[in-house]
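A.B. asks: All chains, full assembly: derive it from the sequences and hints.
Number of protein chains: 2
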Amino acid sequence: MHIGLFDSGVGGLTVLREIKKVLPQAQFTYLGDTARLPYGNKAPVTLRQYTTENIQFLDSLNVDVIVIACHSASSVALDLNSSAQGTPIFNVIGPSCVEALNQTHNKRIGILATKATTKSGVYSRYINDLDSKAQVFSQQAPLLVPLVEEDYGDEEVTQIILKSYLTPLLRQDVDTIVLGCTHYPILMHQISQLCGSQVTLIDPARSVAESLAPLMKEPSQEAGEMNIYLTDHAPHFLEHAAQLLNSSRPLLALKPLGPTAK
Amino acid sequence: MHIGLFDSGVGGLTVLREIKKVLPQAQFTYLGDTARLPYGNKAPVTLRQYTTENIQFLDSLNVDVIVIACHSASSVALDLNSSAQGTPIFNVIGPSCVEALNQTHNKRIGILATKATTKSGVYSRYINDLDSKAQVFSQQAPLLVPLVEEDYGDEEVTQIILKSYLTPLLRQDVDTIVLGCTHYPILMHQISQLCGSQVTLIDPARSVAESLAPLMKEPSQEAGEMNIYLTDHAPHFLEHAAQLLNSSRPLLALKPLGPTAK
Numbered sequence: 001m002h003i004g005l006f007d008s009g010v011g012g013l014t015v016l017r018e019i020k021k022v023l024p025q026a027q028f029t030y031l032g033d034t035a036r037l038p039y040g041n042k043a044p045v046t047l048r049q050y051t052t053e054n055i056q057f058l059d060s061l062n063v064d065v066i067v068i069a070c071h072s073a074s075s076v077a078l079d080l081n082s083s084a085q086g087t088p089i090f091n092v093i094g095p096s097c098v099e100a101l102n103q104t105h106n107k108r109i110g111i112l113a114t115k116a117t118t119k120s121g122v123y124s125r126y127i128n129d130l131d132s133k134a135q136v137f138s139q140q141a142p143l144l145v146p147l148v149e150e151d152y153g154d155e156e157v158t159q160i161i162l163k164s165y166l167t168p169l170l171r172q173d174v175d176t177i178v179l180g181c182t183h184y185p186i187l188m189h190q191i192s193q194l195c196g197s198q199v200t201l202i203d204p205a206r207s208v209a210e211s212l213a214p215l216m217k218e219p220s221q222e223a224g225e226m227n228i229y230l231t232d233h234a235p236h237f238l239e240h241a242a243q244l245l246n247s248s249r250p251l252l253a254l255k256p257l258g259p260t261a262k
Numbered sequence: 001m002h003i004g005l006f007d008s009g010v011g012g013l014t015v016l017r018e019i020k021k022v023l024p025q026a027q028f029t030y031l032g033d034t035a036r037l038p039y040g041n042k043a044p045v046t047l048r049q050y051t052t053e054n055i056q057f058l059d060s061l062n063v064d065v066i067v068i069a070c071h072s073a074s075s076v077a078l079d080l081n082s083s084a085q086g087t088p089i090f091n092v093i094g095p096s097c098v099e100a101l102n103q104t105h106n107k108r109i110g111i112l113a114t115k116a117t118t119k120s121g122v123y124s125r126y127i128n129d130l131d132s133k134a135q136v137f138s139q140q141a142p143l144l145v146p147l148v149e150e151d152y153g154d155e156e157v158t159q160i161i162l163k164s165y166l167t168p169l170l171r172q173d174v175d176t177i178v179l180g181c182t183h184y185p186i187l188m189h190q191i192s193q194l195c196g197s198q199v200t201l202i203d204p205a206r207s208v209a210e211s212l213a214p215l216m217k218e219p220s221q222e223a224g225e226m227n228i229y230l231t232d233h234a235p236h237f238l239e240h241a242a243q244l245l246n247s248s249r250p251l252l253a254l255k256p257l258g259p260t261a262k
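Protein chains in written order, with the working numbering: chain A, 1 to 262; chain B, 1 to 262.
In short, the hints are calculated from the structure, not lab data. Careful: at least some of the hints might be erroneous.
For chains that are exact copies, the list does not tell them apart, and a pair is met inside one copy or across any two.
[Unchecked claim] Below, computed lysine to aspartate or glutamate pairings styled on EDC-like, alpha-carbon distance capped at 16 Å:
no., residue 1, residue 2
1, K133, D175
2, K107, D175
3, K115, D151
4, K20, D203
5, K107, D173
6, K115, E150
7, K163, D64
8, K21, E210
9, K107, D131
10, K133, D203
Everything numeric in this text was worked out from a predicted model, so none of it was measured.
C.D. replies: Following this line, the structure appears as structure tokens:
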């Protein structure tokens, strides 16, 4: 099986990593739209266009499944269940909502997300469509992406900023928090320490990976092959990717597409 | 006189503000390439293409002068002195280098800039072309743009991060620091407090404004008119703009161009 994923930058690699754990024999193609990153502060109409273009590109490679490995892009494309070629499309929002409802006891769910995702109100709508009694509390966390990208996870400032984002959610007595951006699971340990063991953290990457598992019918002949396409030259992407995917061998083919790539 | 400026977001408005002080009767057109912001972490080849497209757009409006109101874009376009139509092009790097050399006593100059600008080495080259004895010390400050955009200027974390960026420069005994990104002058007060009065801070917006002054031949009939074009819908841009330009009247026409605007 050939799985195509896209995100604006490295964040979506956390989704790839989790899918690879569940489907180690799948072939992967990852598109990083680095020329237009980040997606988290772009307008819905713009994100919708970028998403459509990225899906068309993955479609052109004849992948078997497309995963929108970005919450901001997922939030404007929940209605896209299949591509123009009929390829099934998965997003990172639906499966994490189902998982949050499975985990919560008091039906009070917190969402930590980018501005774009928070403003879309997509998590509240999706969760309340599944369970109208659940209460959803959303918190914008716009500085977490730059802090992760600058490798500031263990710095004091990240602790201070995380605390300011998490306190309003914890005051609402949530027992489950969805890490609603692909970058956030990189701060899982720090968030977990601030929230304590009574709060369950949902990593949407793991949720979408589990929802893909039933699709795997037979091992691919090209098991484990991985291709990465980028829309901008990003010299540190490969390094980040190898680190995130915990890969010691050079299994990545870097193919800059140029900023006008469709 | 009709002055066209561009930047990826609101940052370049600090340049517009300074030029407006020097040339209050000029007409202004500002292009914010919000669909592809930020520029500070994009590759040179990509930035060069965005810059060329933005210049073409301003050329199509028949402006009299084009100002690249962004350091990252300026750093890849120092050779562009005029557009295809022959319109003179100014950048924010040249004038600030001249000003830094005018101000320094010990010829030790610090540059605070984005990754793209720092990596380009453009400040060192430009300053050393003017004075081979000057020593230039560069410091990347990648978190300042998101902190400014999130209005975190007065927060403790900004203080901590600023200190970590400025300390290496101060250790080099610089007596002049160029604020090499249009967002940074918004933190002028905080930076000044950390550096002390013995360090002169150079705001490139002011330097480029002063270099434009001699161009003003006659007052424009449409004095003070201002148009803003954006490549993405950015609901808070107008608010930011009014605040930055200290304008109490609605003098801005917001015209989203869509993400594929050329």
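A.B. asks: First find the shortest C-alpha distance between K21 and E210 inside one copy, then the shortest across copies, and answer within, between, both or neither for a cut-off of 16 Å.
C.D. replies: within (10 Å within a copy, 59 Å between copies)
A.B. asks: Between the shortest in-copy and the shortest cross-copy C-alpha distance, which are at most 16 Å for K163 and D64: within, between, both, or neither?
C.D. replies: neither (41 Å within a copy, 50 Å between copies)
A.B. asks: Within a copy, between copies, both or neither: which one fits K133 and D175 at a CA-CA cutoff of 16 Å?
C.D. replies: Close inside one copy (15 Å), not across copies (62 Å); limit 16 Å.
A.B. asks: When no copy is named, should K133 and D203 be tagged within, between, both, or neither for a Cα gap of at most 16 Å?
C.D. replies: neither (23 Å within a copy, 55 Å between copies)
A.B. asks: Within a copy, between copies, both or neither: where do K115 and D151 come within 16 Å Cα-Cα?
C.D. replies: Answer is between: at 14 Å across copies they meet the 16 Å cutoff, but 21 Å inside does not.
A.B. asks: My question is about K20 and D203: at a cut-off of 16 Å on alpha-carbon distance, are they close within one copy, between copies, both, or neither?
C.D. replies: within (15 Å within a copy, 49 Å between copies)
A.B. asks: From the Cα coordinates, with 16 Å as the cut-off, is the pair K107 and D173 best called within, between, both, or neither?
C.D. replies: within (10 Å within a copy, 58 Å between copies)
A.B. asks: State whether the alpha carbon distance between K107 and D175 is at most 16 Å within one copy, between copies, both, or neither.
C.D. replies: So K107 and D175 pass the 16 Å test inside one copy only (8 Å; across, 58 Å).
A.B. asks: Is it within, between, both, or neither for K107 and D131, if the alpha carbons may be no more than 16 Å apart?
C.D. replies: within (9 Å within a copy, 67 Å between copies)
A.B. asks: Is the C-alpha distance from K115 to E150 at most 16 Å within one copy, between copies, in both cases, or in neither?
C.D. replies: Result: close only across copies, 11 Å inter versus 19 Å intra.
When held up to the earlier numbered hints, the structure conflicts with 7 and 10 and fits the remainder.
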